[in-house]
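Visitor: Here is how the chains run, residue by residue.
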Amino acid sequence: SQQGEEDPQALSIQEGENATMNCSYKTSINNLQWYRQNSGRGLVHLILIRSNEREKHSGRLRVTLDTSKKSSSLLITASRAADTASYFCATGIGNQFYFGTGTSLTVIP
Amino acid sequence: NAGVTQTPKFRVLKTGQSMTLLCAQDMNHEYMYWYRQDPGMGLRLIHYSVGEGTTAKGEVPDGYNVSRLKKQNFLLGLESAAPSQTSVYFCASSKQGATVYNEQFFGPGTRLTVL
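From first to last, the protein sequence lines are chains A and B.
FYI, the numbering for the first sequence is 7 to 115, going by the numbering used here.
FYI, the numbering for the second sequence is 4 to 118, going by the numbering used here.
These are calculated hints, taken from the structure and not from any lab test.
Heads up, some of the hints might be wrong.
Some chain B residues well away from chain A (every beta-carbon gap over 10 Å; in silico) [what the hints assert, rightly or not]: (1) L48; (2) A85; (3) G110.
Per the computed footprint, the stretches of chain B lying under chain A, defined by three or more beta-carbons under 8 Å from a beta-carbon of chain A, are [unchecked claim]: (4) 22-28; (5) 51-63; (6) 73-84.
Just so you know, even glycine gets a beta-carbon here, dropped at the ideal spot from N, CA and C.
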C-alpha cells in the first residue's frame, strides 16, 4: 500500500497551545494535502503543498514538506476547541489520492 | 450549491443482499471517487472515475461495482453484501486528477452495516 502514516495517532492539548502532527509516505508524489474530519462528517480540505515547495502557510496552519525524507508536518498554532477533529494527509499520485491513517486531535478548553 | 451529496445516510443489510449507493455533485467536476473508511485504516479508494462513462479500480475494488452514466452521478453497487463490507462510505469529487494541484470535495458519508 502507498498509504501514508500519521504520527501521533492521538494528541491532546490545552486550548492556546500549538499542535504538530506528522505524515510519512512511501513513494514519490505530485503533491500532499491535509484534510480535517469532524466526528461523523466528511473530510474537508485544509491545505495543499506541491512537491517542489518546502513550506506553506494558511491562517493558523503551517505545512512543511521534506521530499528527501518523504515526510510532512502540519502545525496548528494557538489551537481552539473547534480544532478538535481527525487530521489526515493525502498524497496525490497519478489519478489517485492515498490517505494516511489520521491523527485524532483533542483540544481541551 | 449543494456540493457532494450521498444517498442514503444509513443502511442495514443482511448478508447476501444488494444495494446501490448514490453520489451526486453539482460542481461540474470530472473526477469522482468512492472510499471506505474503517477504524484505524484511514480512507481506502474503492473505485474512481475520470469522466462520464469511465471507471477504474482503486485499492480495494473487490465486491463492488460502479457506474458513471452521467457526469454528476457516481453509483457504487454491492452485489452480494458481506459483513466485511460494514464501513462508512465516502464519495468525493475533484475538478482534475491527483497530478494537478486541486482538492477533493467530500460528501457526508453513508454508514453501512451488514449483518
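Visitor: Closer than 8 Å, Cβ to Cβ, for at least three residues: run that test on the region 51-63 of chain B against chain A and report holds or violated.
Guide: Our answer is that it holds, as 5 residues pass the Cβ test (under 8 Å) against chain A, meeting three.
Visitor: When you look at the beta carbon of L48/B, is every beta carbon of chain A farther off than 10 Å?
Guide: 6 Å, violated
Visitor: Please verify that the nearest CB of chain A lies beyond 10 Å from A85/B's CB.
Guide: Check passes; 21 Å lies beyond 10 Å.
Visitor: Against chain A, does G110/B hold up as non-interface, every C-beta pair farther apart than 10 Å?
Guide: Violated, because the least Cβ-Cβ distance between G110/B and chain A comes to about 5 Å, which does not exceed 10 Å.
Visitor: Examine the region 73-84 of chain B for residues whose CB is less than 8 Å from any CB of chain A, and state whether their number is three or more.
Guide: As far as the region 73-84 of chain B goes, the hint is violated, because 0 residues have Cβ atoms under 8 Å from chain A.
Visitor: According to a criterion of three or more residues whose C-beta lies within less than 8 Å of a C-beta of chain A, is the region 22-28 of chain B covered?
Guide: It is violated, with 0 qualifying residues against the three required.
Checked against the numbered hints above, the structure breaks hints 1, 3, 4, 6 and satisfies the rest.
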